[in-house]
Each structure stands twice: as C-alpha cells, then as structure tokens.
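Chains A and B, in that order, give the protein sequences. Under my numbering, residues 152 to 392 are what the first sequence spells out, in order. Under my numbering, residues 152 to 392 are what the second sequence spells out, in order.
A pair counts as met if it fits within one copy or between any two copies, since identical chains are not told apart.
In silico BS3-like links for lysine-lysine, alpha-carbon gap of 30 Å or less: (1) 373 with 300; (2) 197 with 373; (3) 182 with 197.
The hints are simulated quantities; they were obtained by calculation from the structure and are not laboratory data.
There are 2 protein chains.
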Amino acid sequence: MRKGLSCPYGQNNLIYTLSSADRALIEPELKPVKLPKGMMLEEPGKPVDLVYFPKTGVGSTVAVARNDRRIEVGLFGCDGMSGTAIVMQSDHASNETFMQIAGDGFSIEPDTLRALLDQSPTLHRHLLRYVQAMMSQISQTALSNGHGKLEERLARWLLMCHDRIRNDEMSLTHEFISVMLGVRRAGVTVGTHMLEGKGLIRANRGQIVVLDRAGLENEAWKSYGAPEADHDRLIGYDQPD
Amino acid sequence: MRKGLSCPYGQNNLIYTLSSADRALIEPELKPVKLPKGMMLEEPGKPVDLVYFPKTGVGSTVAVARNDRRIEVGLFGCDGMSGTAIVMQSDHASNETFMQIAGDGFSIEPDTLRALLDQSPTLHRHLLRYVQAMMSQISQTALSNGHGKLEERLARWLLMCHDRIRNDEMSLTHEFISVMLGVRRAGVTVGTHMLEGKGLIRANRGQIVVLDRAGLENEAWKSYGAPEADHDRLIGYDQPD
DNA sequence: GCGCCTGGGTGCGGAACCGTACCGGAATTC
DNA sequence: GAATTCCGGTACGGTTCCGCACCCAGGCGC
Numbered sequence: 152m153r154k155g156l157s158c159p160y161g162q163n164n165l166i167y168t169l170s171s172a173d174r175a176l177i178e179p180e181l182k183p184v185k186l187p188k189g190m191m192l193e194e195p196g197k198p199v200d201l202v203y204f205p206k207t208g209v210g211s212t213v214a215v216a217r218n219d220r221r222i223e224v225g226l227f228g229c230d231g232m233s234g235t236a237i238v239m240q241s242d243h244a245s246n247e248t249f250m251q252i253a254g255d256g257f258s259i260e261p262d263t264l265r266a267l268l269d270q271s272p273t274l275h276r277h278l279l280r281y282v283q284a285m286m287s288q289i290s291q292t293a294l295s296n297g298h299g300k301l302e303e304r305l306a307r308w309l310l311m312c313h314d315r316i317r318n319d320e321m322s323l324t325h326e327f328i329s330v331m332l333g334v335r336r337a338g339v340t341v342g343t344h345m346l347e348g349k350g351l352i353r354a355n356r357g358q359i360v361v362l363d364r365a366g367l368e369n370e371a372w373k374s375y376g377a378p379e380a381d382h383d384r385l386i387g388y389d390q391p392d
Numbered sequence: 152m153r154k155g156l157s158c159p160y161g162q163n164n165l166i167y168t169l170s171s172a173d174r175a176l177i178e179p180e181l182k183p184v185k186l187p188k189g190m191m192l193e194e195p196g197k198p199v200d201l202v203y204f205p206k207t208g209v210g211s212t213v214a215v216a217r218n219d220r221r222i223e224v225g226l227f228g229c230d231g232m233s234g235t236a237i238v239m240q241s242d243h244a245s246n247e248t249f250m251q252i253a254g255d256g257f258s259i260e261p262d263t264l265r266a267l268l269d270q271s272p273t274l275h276r277h278l279l280r281y282v283q284a285m286m287s288q289i290s291q292t293a294l295s296n297g298h299g300k301l302e303e304r305l306a307r308w309l310l311m312c313h314d315r316i317r318n319d320e321m322s323l324t325h326e327f328i329s330v331m332l333g334v335r336r337a338g339v340t341v342g343t344h345m346l347e348g349k350g351l352i353r354a355n356r357g358q359i360v361v362l363d364r365a366g367l368e369n370e371a372w373k374s375y376g377a378p379e380a381d382h383d384r385l386i387g388y389d390q391p392d
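Please work from the sequences and hints to get the whole structure.
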C-alpha cells in the first residue's frame, strides 16, 4: 500500500482528507451506493448524471476514438472520484468511466455538488487538486504508452491497481488488461509470464497475486511513481484545517 | 484554421473570450512579453513563477520520466496558457512547458492571478474549462501514443501545430518532431515522405508546408478532432456575458 | 576557399508487437 | 455429466519501429 492512500479502509480518501467543516457540509448529501463491476459512471459527450466517490473497488477512465479504439488513460479507487467535469465547472464528460473492479461508495447529485463548491472554496480547492493529480497520471500514461515496453506498462498498471485494493489478490483477466493497455491479449499472456518468471506475481485463471511489490516497482521504474508522488503532495498530506 | 480559434490575430483566445468585466479585471495585470524559442515556461516539481498567455507562437507541455525519456503530452498557442497549476489551486507544475515556436504574449504573477480567481468566479470558471479541454487533449495523446502508427501520429501533430499558427509554413526539424513524438529521427523522415508522397505537405530543411489540410485530417482521422471539438464547446462559443 | 555544424536521406539487422488462429483446461449451466 | 462458455497457452508470418551507423548537402564562420 502506498503511503498517500493510507486512509482507513472503507473510507474515500478525498472525503476523509477534507477539513471537518467541509466534511460536515458534504456528508449529508452523499448517498451510499453499490458499484458493481462494469457499471458506467460517465460517458463521453454526455452530461455527468451522478458523481461517485468509491470507498472500495476500482474505476477506469478510458479514451475512446471514433474508430472504436480505446485505451485506459486513468484509474482511481478510494483515492478519487468520477465526474471531475463538475469540479471543472463543465458538465459533459470527455471520456468514458466505468467500474473495473466492483466496490461501493457514495454518490452525489451534480447540482448539489456544484452548489457546495460555490459555497466552500476550500472544498473546491481540494477537489481541484485531485483533478490536477489525475492530469499528472494521464500525462504519465501518455508517456508510458509512447515509450514503454509491454512488460513495463503491465507492471505499472498492476501497481496502480494494487495501490487501490487492500489485497494482494486481484481478479483480472488477460483479456481485460489487454483492452486497458491497448495491446493483444496474447501479449498480456507473455508479459505476465515474464513477471511470473521473475517471481514478482503469480497468475492463474482470472486471478493475479502480487508477490513482490518492490520488484514490480523496479520493473516499472521508468513509468511508475511521479504521478503518485504528485498525488501525495497534492492531497495526502495537505489537509486543510 | 479551426473555427474554435477564430479570435483576431494577435489576441489570446482565452482572454478574448472573457466577459468584458473579467477582461477589464485581468487586463491591467497582464504584462506584454516576448516568448523566444526554447524559453522555459514551467518546470516539473518547481513552483510556477509566471503564468503566460501567448498571442502568437506555440508552447509544448512535455512529460519527463526519471530516465530522461520524454514525450509531448499537450500543445497550445493563442488558444491557451501555461501555469495551469495555478488555476487548479496548486502551485507546482507536474510537467515541463517551453516555447516550441517563438512568439509573444502576456505574463501575469501567480499571486495576482490567484487573487483574481478568488475575486471572479466567472474568470475561474473560464480558465477551468480550458484546463478541462487540455485534459481531453492529453487523453487523446495517450490514446494516439498507444494505438497510432507513426504516420498517423505525425499527421495529428502537424495539424495541432498548424491550428496554432496563422501560416501554412512551419519551421520544424525532423529531429525536434521526433523528440516530441518519442520516436526516431529517421522515423520522422520516412513519415514526412509518406505524407509528401500523398501531396499533403511539402518539406525541406527545417521547413514544413501544409498543402492539403483536409487530407491531413483524413490521414489522422482516428486521433484528431475530439479534443478540438471539446475545446470549441468549452471555450470557443461559450462566452459568458 | 575551407572547415564545420546542422538537418536530412538511407541502409541493415533485430526486437517488439500485431493479426489471426487453434487448442485445451477450467468454470458454469442445465 | 454433457454441453457450453470463458480464459489462457502457443504458434506463425508479417509489419512497424528501433538502434546504430554512414553519408550527403546546405549554410555559416573564419
């Protein structure tokens, strides 16, 4: 587990790190919600109809091209939120966001959130800083997609997932990972074998177990770390109050 | 020229599309400034020391990895600004931004801008929506880097540059383009030959001339367009007032 | 005029990854 | 327990792009 995500299990870190005043402001408006696997949180070009703050599970943000090519650009769990367009004073999402690993969390109406943002500059500031951290993550993804070898990108992706799950076991199929990374399914099979051969993970049938996190970080050192450090600086230890 | 960038030549579109009240607010604080080629506008991990609004020229935002791998993630000209971290209520940049093609524009002190953002929610909103458009552009870059062939990525990049120059001739070396795209210099040579062969551009010695813009767009259709449409929706025709 | 630097053209071997396809075992369904 | 679906292992030819290297031409300084 990364240090910046050390909020208690079953909390959303963005909410948890708010000042008590801001938390008191937003908490009454948050509705508990199940987030089943595959649930669509926002769709490109459409208005955001609910904003979600996961407590568990993992959400993926995917850029989609006209010709149906798609690739994951960002990923979040208890550290983040969907519907960032609202924070940006827009209303339409530009990417697709869905639940990649089931969980639960909170939802809030966009209009309500907008009102709260107007009411509390510190709340707005907090969420803006989160979006800034996401931009850093997306930038790193662009870099990694451009320069990284498959094995390195795979290691980075597994790490980012692992960061957001309080468990070394992850339910992930090669097929799914291949879509997220924008590579062949067979490529992922080969990549996981490489990582298995080095004793970093163990995989079988829709299950990947992280054995050596430090080793994975080493494998992905070119691509992993900078956005995570940004996040910790922007959110983790920067609690207003 | 794209429709969303149709502000008068020698204006910054972000400033130009402000409400008259907001423009009156910010204009006294803007200092005219030359933006020579290669000028560093912000550096990763360092505080933003000035925010720039170009009127002419092109700026590049580049993600840098620890091992010195780098790749351009975003690009802006008279349509944008540097120092978006300030708009996001942060102070440190996470990427490197520099002038790729010389120009001129305005600068403003971060503290001054911060004060203005607090003072005018509509100003803040306007700039936030610009950052949202940039996120869309970065996402598309990640997608393009992951899936796109060199020729297609090259076409997209030339289009994005062309959008921000009021001229079909662009001073660009293969070497420079190769760094921006994160590919070999020789690869760019081959790619430009392909585009030349199709009659879309003409290139010689540090000069690239766009001959057939529509053809270029066709060549890059998978990657070009969506972020530009987002930008136009968020900024171009959404003038408060 | 000469040398030098910059920018671009070209070639070659090899690595990485693609598209496609086939197969087998594991889980699920009825 | 038979059928079906899901998931992963494997193979093969082809393409794209890399790393490296060498050379040539234009432009500049001296």
